[in-house]
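If you're matching them up, the sequences are chains Z and P in order.
Under the numbering used here, read the first sequence as residues 2 to 554, first letter to last.
Under the numbering used here, read the second sequence as residues 127 to 444, first letter to last.
Be aware that a few hints might be false.
[Stated by the list, open to error] In silico lysine-lysine, BS3-like type, Cα no more than 25 Å apart, as pairs:
id	chain 1	residue 1	chain 2	residue 2
1	Z	K253	Z	K554
2	P	K189	Z	K443
3	P	K184	Z	K174
4	Z	K151	Z	K250
5	Z	K400	Z	K333
6	P	K184	P	K216
7	Z	K554	P	K288
8	Z	K554	Z	K285
9	Z	K400	Z	K476
10	Z	K253	Z	K151
11	P	K222	Z	K250
12	Z	K253	Z	K222
13	Z	K174	Z	K250
14	Z	K400	Z	K443
15	Z	K198	Z	K370
16	Z	K351	Z	K306
17	Z	K422	Z	K333
18	Z	K198	Z	K174
19	Z	K306	P	K288
20	Z	K148	Z	K222
21	P	K216	P	K189
22	Z	K285	P	K288
23	Z	K253	Z	K148
24	P	K184	Z	K443
25	Z	K387	Z	K422
26	P	K216	Z	K250
27	P	K222	P	K184
28	Z	K250	P	K223
29	Z	K306	Z	K554
30	Z	K222	P	K216
[As the list claims (entries may be wrong)] One-sided excerpt, in silico: chain P residues whose CB lies under 7 Å from chain Z:
id	residue
31	G158
32	I163
33	A202
34	F295
Simulated from the structure, these hints should not be mistaken for lab results.
The structure presented is a predicted model; accordingly, all values stated were derived computationally and were not measured.
Beta carbons are placed, not taken as given, at the ideal position from N, Cα and C, and that holds for glycine.
Residue-level listing of the chains:
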Amino acid sequence: MNKLFMSIIIVVVLIATIILSGCSTTPATTTAAPTAAAPATTAPAAAAPAVTSGPAKSTVAPAPAQPATSGQAGASSPVSGGILNETFIMGPSATFGFPPTQMSERYYNYVFEPLVREYYDGRLEPLLATDWELASDLSSLTLTLRKGVKFHDGSDFNASVAKWNLDMQIENKKAITRYFSSVEIVDDYTVRINLSKYQNSLLGNLASVTGLITSKEAFEKNGQEWCQTHPIGTGPFKFVSYERDASMKWEKFDGYWQTGRPYLDGIEIFYISDSMTQQAALLKGDVQIMYGAGGSQIYRDLQTKGYNLVYRPADCLSLWPDSINPDSPFAKQEVRQALSYAINRDALVKIAEGGFPTPAFQLPPPFAKAYDSSYAGASYDVEKAKQLLADAGYPDGFKTTLASPFTQRDVMVAIQGYLGKVGIMADIDTINFGQYMEYSQKGWNNMILITPLTHYVNWASGLQMQLSSTAINLKSVMRPSGFDDLLEQALATPEEDISKTRQALRLIEENAVVIPLYSAGTMWCYSPNVHDIGYAELGNAIFRTPDKAWLSK
Amino acid sequence: MTAYIIRRIFQALLTLIILTVIVFLTMRLLPGDPILIYVSQQNIQNVTQEQLDDLRHKYGLDKSLPMQFVDWISNAVRGDLGTSITYDSKVTDDIKKRLPVSLYLGALGFVVGSIIGVPAGIIAAVRRGRWLDNIITSVGNLGMTIPIFWLGVLLIYVFGLKLGVLPVFGYTSPFEDFGASIQQIILPVICLAVPAIAGDIRLVRSSMLEVMRQDYIRTAWSKGLKENVLIVRHALRNGVIPIITMKGMTLASIVGGQVFIETIFNIPGMGRLAVAAVTTKDYAEVQGIMLVVGIAVLLINLLVDLSYGWLDPRVRYV
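Chain P with its partners taken away, still in its complex shape (with noise of 0.2 Å):
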């Protein structure tokens, strides 16, 4: 086991390194100067060579491109991802406030998209055939085709405009004011949750299915063993794999924010940093937000690949 969790971190840190290249090298690609950007954005209409000599060396852009990737680098493992070109600011503040923004809007989507989809799913599978089968498929299928944006302007239409008890916009931070961010943020958990609920209700319905089929849990049955106790000791147990996969890729993505959501109910988290860096040709922007949200990945993998072996005592590392 230790020596496969060794293995794994330098397999991570090797997928890292050429995360970091393909990177740098694909923002240097893309077409159009960060500088001149810069300098639109900025409305200077007669900057002279100098200036933009001057602003390519406060960027480290005058260098080669293999100093400015060890430069880069070199930082980074040091904690500091670089200064953001659009916004004069360090990109590591930058992610440091954006990151939990984003983590608490994933999170609680994530949450509620498990607490109401994964039961909602074994129902539906133990159900099967069934008015409530029929329901739960139905709602899942459901989910699954709207589009998050468009279900994002439906609630706010309702519950903003309409009923008007909920607000259309805006983040605040539960350690602010615990009531305003709840109140802001049921409208964006409810859209990140949906999508959720549903993809949860097709795979813990087809898991659960499958082990509900085998042979041992119809021994159980015939045993006698109550319901509840035979699918949560049983059939869940044995079906979960494929659910902790699922659940990985999600935590996974939540690092790396929502852009539709952040963008339609104005919150500041990653997702829009991200685009906005892209957008601007940011370099040290996406590079760290990239570094960040690979890292996030690779240690979730790493975390529900370890957890195969916890819950089924067949896997073994070697």
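With the rest of the complex left out, here is chain Z (with noise of 0.2 Å):
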């Protein structure tokens, strides 16, 4: 009798366990949506804590030829010393060490320096060239360097080492090198690019990785292979080491031209994949800054514990439906239109990534030069959609599928919703990087493939690169006639000619080829005793401000 009344005691147990182990325990949030200037609720350091949901003010002043004042206390001015521990959730893909390879990588500017730098709203600040001229017929650019710069090496930046850096460029095929066609050195610190062909985006793309300067010396030193693993640059920081999955460290370089500069000892990176360890190690204070590539209720817990929040919008989610396909429901205009206003955004936001995103009606985000505050986009109606729909012939509405490897599901399971209101049955289908690669470069067949577009400071180049019939990417969303040109016509001026990216936009978005959703970014989280580290201020959204960066007591 005993022992069956244990056994009875021990079944309810388990089962009352797994009953409770299955219940939910996060708390639903009620809080809004984050405004540009959110106010921290419970911030215990002096500095209220707010989330940033555009890119922060810049406060950066032009290239500094003052040398910095240190050792000060008080988190006005900077201090030297200390080394600053980040976390990312993952490492460089494949060999990092050099720019003319590699295309993309989040931690060049420690080592490595473009030469001019661009910010979010596309001021260009001299950084290693220190003016530019641009021939009055367009036919080429003229870069003045900045002198007394040297590398981690030791050797001189100069017009020679300009000139090799950008034909290792353009011997690697970088897509916006295609118009180069020479570079030629005026003098020791002079050089020209030729041009074949101006495009007004030319020197927002100096300002990324193409722009970024290595040593020369090293390349004839070591050679290739070398140089890929061990990045030499004019950055306030040499490259000490990379433990693949593990870190990455830098430190500071005592030979830096900006005098002063700068204010840290080193840097080092963690690549922790889990985001419950990189919390862990924050508020533990094994690293002071923690980035996610979106954001999370976790950053929401971390800013009501006094951390700074800065969430940069870096791409829009969107929809794209096999638009090319003419067998597909989506061949037809209405059809994607329709999708359009069957997505309630407002809602969408409230449940995706910790509810920092913002809704999309429109690609470009408010902040950038081409977001046209005068269109409205197609706004939440279902009735609408469902017209549409019996328009284009399918009144009883369709199947069809919903891809995407980097949509949570539950923003999926929203969408899906929404377009079952509207007579659209769709399946999902969390697919993997390699399947989406496949679609997205073979193209796919009744289907949404839900993917984001990139932010960039000059849209008509970002279009371009991403989506013009020359891109490999998206290959079965349909190309407007006459995108094309209008991409190169808002190119061709001097200056990035709005109103015809506006147009570009406009072809794209009424033609419902693709469907903004909503503008997500990527997230730092960061103590408050750092500070200047410039998250969010670069037209590159992952490139940051490490030479002023400080770290108070």
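Mind docking these for me? Both chains are given alone in their own frames, and the hints should help you get the complex.
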């Protein structure tokens, strides 16, 4: 009898444990999507941490010539010393140390510097180039280079090195060098890029990976293979070591051309793929910066504990139906437009990425020059969506598939629900990255691919890179007639012709070959004692200003 | 015995070949093109077909499948497991770096689990029905039910955050900094050891109970043999074979790494390497890792089978 009683008790406890462990522990969030200046709720730090949902207001001064002060206490002026520890979810995917062969690497600007620095609003700041002049006939760009700049290996930066770097980029067929016909040395500190065709994204591109300068001497001495894992630049920090899936270390470069900088003694990045462990490392103080690929409730929790958040919109998550396939329902414009009216974006952002994204009715975010405040886009209207489907010959809807490797499951289920309300019955296919690449570059059939379109400072350039007829991705997306021409026109003038860019955007948005959903981004969460790291200030969402960063006590 | 060993080695070679063929074909059947994944990760927006063809040629992917397999296997027997598409590094070098990490972690977990689990199982069997048995059995059952990743997070919270006595992540080689290495490995080893202890308790207890019921044990008791002599010299020796079998399987799994533990504690081991390789369809990396794991499993299984003969003289090999 005792044994029977004990057995019953054990069974009841086990069942209760299973039931309780299956219950959700995530508290329901009732907070609205953040505004640009959302006040902190329980901020113990003196400076109330807030979430910046757009790019942070730039506090950057022009290229400094004055030595920075150091050793001063207090949060208002930079203090020298300290190692800044960061965490990110993954390390470089391949050889990472040689800009001519590596396209994108988020920690490049610790080691390398570009010729110019570009901010999110398109402002340019001299960096390794102190001045530039575009020929009146747009046939060349002449760059005056900064004197007195040394590489980490002690070699000098000059016109010969700059030319060699640009030639290597051309040799490696970087897309943005396709109109570089040659690079010539004018004098020891002046180079001229001769152009077969001018595009006004040129200087912005030189601010990106293409304009990063590496040591020619190191390449000649050690070869490309060595350089690919031993970055040598002019940046404020020298590369020390890299342990794949573990960490990357840099130390202060004492010969840095900005006297008195950098303030930090070094930087170390730990590649921690688990977000809970990242959070624990931040809370323990083992790291001061936590970088995530998107927002989540974790960041809101950290904000309440006094950590600063910067959320920088980096792309626009969008629906991409296969509009090019004549047998697909999405070949009809009305069907695609119906998708846009069927989605309640304002509600969708409340469940996406911790509520940090903002609804998007057009592709550019509000802070972009290409954003058109007079364009409202398609608002949520179920009846209109149904009418459009009926007009297209689908009064009872149809079946399709939603596929994405990037999108939260909750968001996909919500989209499925919205489409279901208008009669479009969508299966969800959470594909892996390999499958996604296959679809994107070889095409998909009767399916909606959900994928982000990256934000660019120069939207015409960004659209051309990602969506022109020659782009290798998004093969099943129809490019409306005139789209490529509008982009070419927008890029042909000395400054971006915003009206043409907007026309190109309207062409694809009103044709509904792309349906913007929300502006998603990257999130940085950092301790209150980290200053001037430059998150969200630069044009490239992953770049920052490590030369200015400092730690207060 | 020699004939048995030779026969087993031939069987192992055949198994390895079948394993490599299955892995080779499966990876290529999975959707996704590793070159396209590589291109996307490099954020290359306008790569030409010529560049794609160059990349395929660089990694031998422009050859027919049989030729790719023959090339890979012929290089593998010479110790060259190919080049990783994702990292452009030699697979052999990657495994050389990661395998010692996984072995260090796994071996410590194995040893700690065995040192605690086996004696605990014996005690539970010998003190069957008493309070000690109840406690040990309950602990064993609890250990079986706790998910490793949850345990890892809990340990990080308690020892890393609340008490602040141990680091929450990281790995340092014991040859670089022994003190830091030990501090960092404690929590991961506990995570590995807990389910091992739980499994040992259950298996050792049931195996020992089976043996303790035998007539010769009763005879030994009645002859007045001391308890510890009886357990070690008679009971354990007879009950150890199923334990050895399980230990062999556990040892073999060490080589493949522990992806949950490595992910939570940020340890660069074989588990994470394998998962990343599968995700990016890095053919050479996956094939290389599976080959190494396969060899380890087959070798360990052979050693376990041979140990039966040493432990139990009644076992004969034909």
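Outcome of the hint check:
no., hint, in the structure
1, Z:K253 to Z:K554, "holds (19 Å)"
2, P:K189 to Z:K443, "holds (21 Å)"
3, P:K184 to Z:K174, "holds (17 Å)"
4, Z:K151 to Z:K250, "holds (20 Å)"
5, Z:K400 to Z:K333, "holds (15 Å)"
6, P:K184 to P:K216, "holds (13 Å)"
7, Z:K554 to P:K288, "holds (22 Å)"
8, Z:K554 to Z:K285, "holds (16 Å)"
9, Z:K400 to Z:K476, "holds (21 Å)"
10, Z:K253 to Z:K151, "holds (14 Å)"
11, P:K222 to Z:K250, "holds (22 Å)"
12, Z:K253 to Z:K222, "holds (23 Å)"
13, Z:K174 to Z:K250, "violated (30 Å)"
14, Z:K400 to Z:K443, "holds (22 Å)"
15, Z:K198 to Z:K370, "holds (23 Å)"
16, Z:K351 to Z:K306, "holds (22 Å)"
17, Z:K422 to Z:K333, "holds (20 Å)"
18, Z:K198 to Z:K174, "holds (16 Å)"
19, Z:K306 to P:K288, "holds (15 Å)"
20, Z:K148 to Z:K222, "holds (23 Å)"
21, P:K216 to P:K189, "holds (20 Å)"
22, Z:K285 to P:K288, "holds (9 Å)"
23, Z:K253 to Z:K148, "holds (21 Å)"
24, P:K184 to Z:K443, "holds (22 Å)"
25, Z:K387 to Z:K422, "holds (9 Å)"
26, P:K216 to Z:K250, "holds (23 Å)"
27, P:K222 to P:K184, "holds (23 Å)"
28, Z:K250 to P:K223, "holds (18 Å)"
29, Z:K306 to Z:K554, "holds (18 Å)"
30, Z:K222 to P:K216, "holds (23 Å)"
31, G158, "holds (2 Å)"
32, I163, "holds (5 Å)"
33, A202, "violated (22 Å)"
34, F295, "holds (5 Å)"
The structure is inconsistent with the numbered hints 13 and 33, although it conforms to all the rest.
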